[in-house]
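K.L.:
These are the residues of each chain, in order.
Protein chains: 2
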Amino acid sequence: MSTVKSPPQHGFPHSELHARHERARIAMTTAKLDALVVTTPQNIRYFSGFETQFWESPTRPWYLIVPRDGDVIAVWPEVGKPALLASTPVGDVRSWSAPTPADDGVSLMAKTLKGLARKSGRIGWELGREMLVRAPRIDVDAMAKASGLEFADGSPTIWGLRMVKSEAEIARIGVACRIASDAFDDVPKLISRSDTTRTAERKLRIRLMEKGADHVPFIATAIGAGGYAQIIAGPGDAAMKEGDVLFFDVGCTYDGYFCDFDRNFAVGKISDAAKRAHAACWQATEAGIAAARPGVRFADVFAAMAKVLTDAGSIGNNVGRMGHGLGLHLTEPPSFMAGAPDVLAPNMVVTIEPAIEYAPGKMLVHEENIVIRDGAPEVLTKRAPREMAVIGG
Amino acid sequence: MSTVKSPPQHGFPHSELHARHERARIAMTTAKLDALVVTTPQNIRYFSGFETQFWESPTRPWYLIVPRDGDVIAVWPEVGKPALLASTPVGDVRSWSAPTPADDGVSLMAKTLKGLARKSGRIGWELGREMLVRAPRIDVDAMAKASGLEFADGSPTIWGLRMVKSEAEIARIGVACRIASDAFDDVPKLISRSDTTRTAERKLRIRLMEKGADHVPFIATAIGAGGYAQIIAGPGDAAMKEGDVLFFDVGCTYDGYFCDFDRNFAVGKISDAAKRAHAACWQATEAGIAAARPGVRFADVFAAMAKVLTDAGSIGNNVGRMGHGLGLHLTEPPSFMAGAPDVLAPNMVVTIEPAIEYAPGKMLVHEENIVIRDGAPEVLTKRAPREMAVIGG
Numbered sequence: 001m002s003t004v005k006s007p008p009q010h011g012f013p014h015s016e017l018h019a020r021h022e023r024a025r026i027a028m029t030t031a032k033l034d035a036l037v038v039t040t041p042q043n044i045r046y047f048s049g050f051e052t053q054f055w056e057s058p059t060r061p062w063y064l065i066v067p068r069d070g071d072v073i074a075v076w077p078e079v080g081k082p083a084l085l086a087s088t089p090v091g092d093v094r095s096w097s098a099p100t101p102a103d104d105g106v107s108l109m110a111k112t113l114k115g116l117a118r119k120s121g122r123i124g125w126e127l128g129r130e131m132l133v134r135a136p137r138i139d140v141d142a143m144a145k146a147s148g149l150e151f152a153d154g155s156p157t158i159w160g161l162r163m164v165k166s167e168a169e170i171a172r173i174g175v176a177c178r179i180a181s182d183a184f185d186d187v188p189k190l191i192s193r194s195d196t197t198r199t200a201e202r203k204l205r206i207r208l209m210e211k212g213a214d215h216v217p218f219i220a221t222a223i224g225a226g227g228y229a230q231i232i233a234g235p236g237d238a239a240m241k242e243g244d245v246l247f248f249d250v251g252c253t254y255d256g257y258f259c260d261f262d263r264n265f266a267v268g269k270i271s272d273a274a275k276r277a278h279a280a281c282w283q284a285t286e287a288g289i290a291a292a293r294p295g296v297r298f299a300d301v302f303a304a305m306a307k308v309l310t311d312a313g314s315i316g317n318n319v320g321r322m323g324h325g326l327g328l329h330l331t332e333p334p335s336f337m338a339g340a341p342d343v344l345a346p347n348m349v350v351t352i353e354p355a356i357e358y359a360p361g362k363m364l365v366h367e368e369n370i371v372i373r374d375g376a377p378e379v380l381t382k383r384a385p386r387e388m389a390v391i392g393g
Numbered sequence: 001m002s003t004v005k006s007p008p009q010h011g012f013p014h015s016e017l018h019a020r021h022e023r024a025r026i027a028m029t030t031a032k033l034d035a036l037v038v039t040t041p042q043n044i045r046y047f048s049g050f051e052t053q054f055w056e057s058p059t060r061p062w063y064l065i066v067p068r069d070g071d072v073i074a075v076w077p078e079v080g081k082p083a084l085l086a087s088t089p090v091g092d093v094r095s096w097s098a099p100t101p102a103d104d105g106v107s108l109m110a111k112t113l114k115g116l117a118r119k120s121g122r123i124g125w126e127l128g129r130e131m132l133v134r135a136p137r138i139d140v141d142a143m144a145k146a147s148g149l150e151f152a153d154g155s156p157t158i159w160g161l162r163m164v165k166s167e168a169e170i171a172r173i174g175v176a177c178r179i180a181s182d183a184f185d186d187v188p189k190l191i192s193r194s195d196t197t198r199t200a201e202r203k204l205r206i207r208l209m210e211k212g213a214d215h216v217p218f219i220a221t222a223i224g225a226g227g228y229a230q231i232i233a234g235p236g237d238a239a240m241k242e243g244d245v246l247f248f249d250v251g252c253t254y255d256g257y258f259c260d261f262d263r264n265f266a267v268g269k270i271s272d273a274a275k276r277a278h279a280a281c282w283q284a285t286e287a288g289i290a291a292a293r294p295g296v297r298f299a300d301v302f303a304a305m306a307k308v309l310t311d312a313g314s315i316g317n318n319v320g321r322m323g324h325g326l327g328l329h330l331t332e333p334p335s336f337m338a339g340a341p342d343v344l345a346p347n348m349v350v351t352i353e354p355a356i357e358y359a360p361g362k363m364l365v366h367e368e369n370i371v372i373r374d375g376a377p378e379v380l381t382k383r384a385p386r387e388m389a390v391i392g393g
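Heads up: the sequence lines are chains A and B, in that order.
Take this note's numbering: the final residue in the first sequence is number 393, and no numbers are missing along the way.
Take this note's numbering: the final residue in the second sequence is number 393, and no numbers are missing along the way.
Keep in mind that the hints were calculated from the coordinates and are not lab data.
It cannot be assumed that every hint is accurate.
[To be verified] Below, in silico cross-link-like pairs of lysine-lysine (DSSO-like), each with a Cα-Cα straight-line distance of 27 Å or less:
1. B/Lys145 x A/Lys81
2. A/Lys241 x B/Lys81
3. A/Lys203 x B/Lys211
4. B/Lys189 x A/Lys203
5. B/Lys382 x A/Lys211
6. A/Lys81 x A/Lys189
7. B/Lys81 x B/Lys189
8. B/Lys307 x B/Lys382
9. B/Lys275 x A/Lys203
10. A/Lys145 x B/Lys145
11. A/Lys307 x A/Lys382
12. A/Lys275 x B/Lys81
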């Protein structure tokens, strides 16, 4: 099994991490924030380079502070201090022995926040859209009270930074896309008609790892006669049937960065209606890619895709949008949807994801990952075939 | 590659899920809560059986309400409605087209909460220890305001329910433990001296999948001469050296339930000091297992392990505790630590995890997973060997 050739080494140079802090300082000045506090795996990794799978343990909260003035500070459980110091440029690590249920970093955080250079007295936390705070709410409330500072929504500031990718970030998303493209190519021979979706998904997951994926945090597996009713769950234990469409949506990572795209496979002969719907989805993807230029609104790219699907007789879909940003998360803002105010800019990485429901409960979804460039976008995924590949074919 | 024999089918019978609701209703009465609202993957799965990897997408919030009076209600993005209805007993699904940034379920949640039978006016959310709210904080604040209800900390109530496992839950943890035990047995031949920790970890991850793990959300990989400085991060790209100890801590899942245990492997000949420390850890594990009886305090089991390690010359460790609960999460309360007030009860599943630091930066950690039973506990993992297995051996 060949792995993807010469992917970049794991880990970012410290210069890139420092450049992120510099951009953050400028953004904080605009947003009138004295600091950003991040608690979630992706945001902590974005600002520090820290990687772990220990996020699976909800026991200890972790806090990374990016001040407008001064160096990054980690308020950090002792168990994570050696790894942070050894693998990141963060030098100011203030630790406590966690878990300590009576005071799990609360007084240490309050003290640290009070010691920051103050201008607005506002601290940006992950309070808003497409974010969450990975710490007990009662602790964060206690810190707000003890520090006397205003905890404001830093989400728009953070997404503003993460939305436009560096070339090093794009390279990593590109590796993930190539790994999944190669694995999808193998599916018709890897998977057989005697597989259930569960055994099929397991084979694909292992193949993605063999091809070089670090992790496979997301596979959705759907199946149904000529289409499917949903695209977020699965797999199951049912047998495949002639005429089914088997759908995989894959988010695998390389060095923390996701791909997010799907492919459809025919189980034997599919209906002509399913073939026509598949062709319409393929054309809608073309229209989306063609429309995706810097300065264009996300809503207009959505409209370009929607027109192709409506003309082909779509009765709608339940996905709620037709693509989104992509990076350290499987899905990031902005969204391709009606009314979206956002505008495409160079170095945004986005998914083009049209969905057609051509009969009740019969949906087909396509997806490709692209980078917005001056002029035409760069397609990171190996474009889906115009006609579905056949399982066992 | 043989997979673990006859694991239980995926998914719980609805009777078990209804029994969980019944226990929750009793606990809510005690805690004076009108409902629990859960937003995180594990708690939603606990109360509904809903499974997806779509949690990787932070875009949409999902709310499951367990009322003290009445059936479970899902306030749910449309994209997830078909899968919820098809795979769980939840029948009351109130959906909106998400994402809708201006009102992503906020007004629908406020209306739904206001419609619940009211006694205390208190709604339990995941606000406390070892929990988080997986929804934008600004949305939850808006719901509190719009509903006029008190949002209280439901975490102790939820952990109280989850802490004691059913036999069906224990069976699933047992499968995960057998899968990882089998994979660890393969390590000495699977991994060679020419592997880096990164290539070694990848081989182990694939082997775990081949043995039947659904997912491998957690592997920590550490290495060092005779011991290691940390146990939460890794892998890296360095070569193995004679005398190194290679450490893997594995959390793989079967039907949503984790194992969590580690093993140490020798690279060639390790020092006598490392051998003695390993033997002390092994004995401390014996002492922990022997002490783990119903009615015993977590603090006393900790003391039993700590005594063996102190007698062996331990200078401490940075882990902060020596084991914890285990289930839908890699780590759950309670913790084995000094001062812990909790008491062991039958059907708790816990990890026994002594750690010794026998010289600065040289730590060794052992771990086994057990079920508390009347009398001696049931050990779910295949006990670690007294002497470290040798890589390439």
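K.L.:
Each of the hints needs a verdict: does it hold here or not?
P.N.:
Against the structure, the hints:
1. B/Lys145 x A/Lys81: Violated, at about 40 Å.
2. A/Lys241 x B/Lys81: Holds, at roughly 24 Å.
3. A/Lys203 x B/Lys211: holds (12 Å)
4. B/Lys189 x A/Lys203: holds (23 Å)
5. B/Lys382 x A/Lys211: violated (31 Å)
6. A/Lys81 x A/Lys189: violated (46 Å)
7. B/Lys81 x B/Lys189: This hinted pair is violated, its Cα atoms lying about 46 Å apart.
8. B/Lys307 x B/Lys382: holds (24 Å)
9. B/Lys275 x A/Lys203: Given that 27 Å is the threshold and the Cα spacing comes to 40 Å, the pair is violated.
10. A/Lys145 x B/Lys145: holds (20 Å)
11. A/Lys307 x A/Lys382: holds (24 Å)
12. A/Lys275 x B/Lys81: holds (26 Å)
When each numbered hint is compared with the structure, violations occur for hints 1, 5, 6, 7 and 9.
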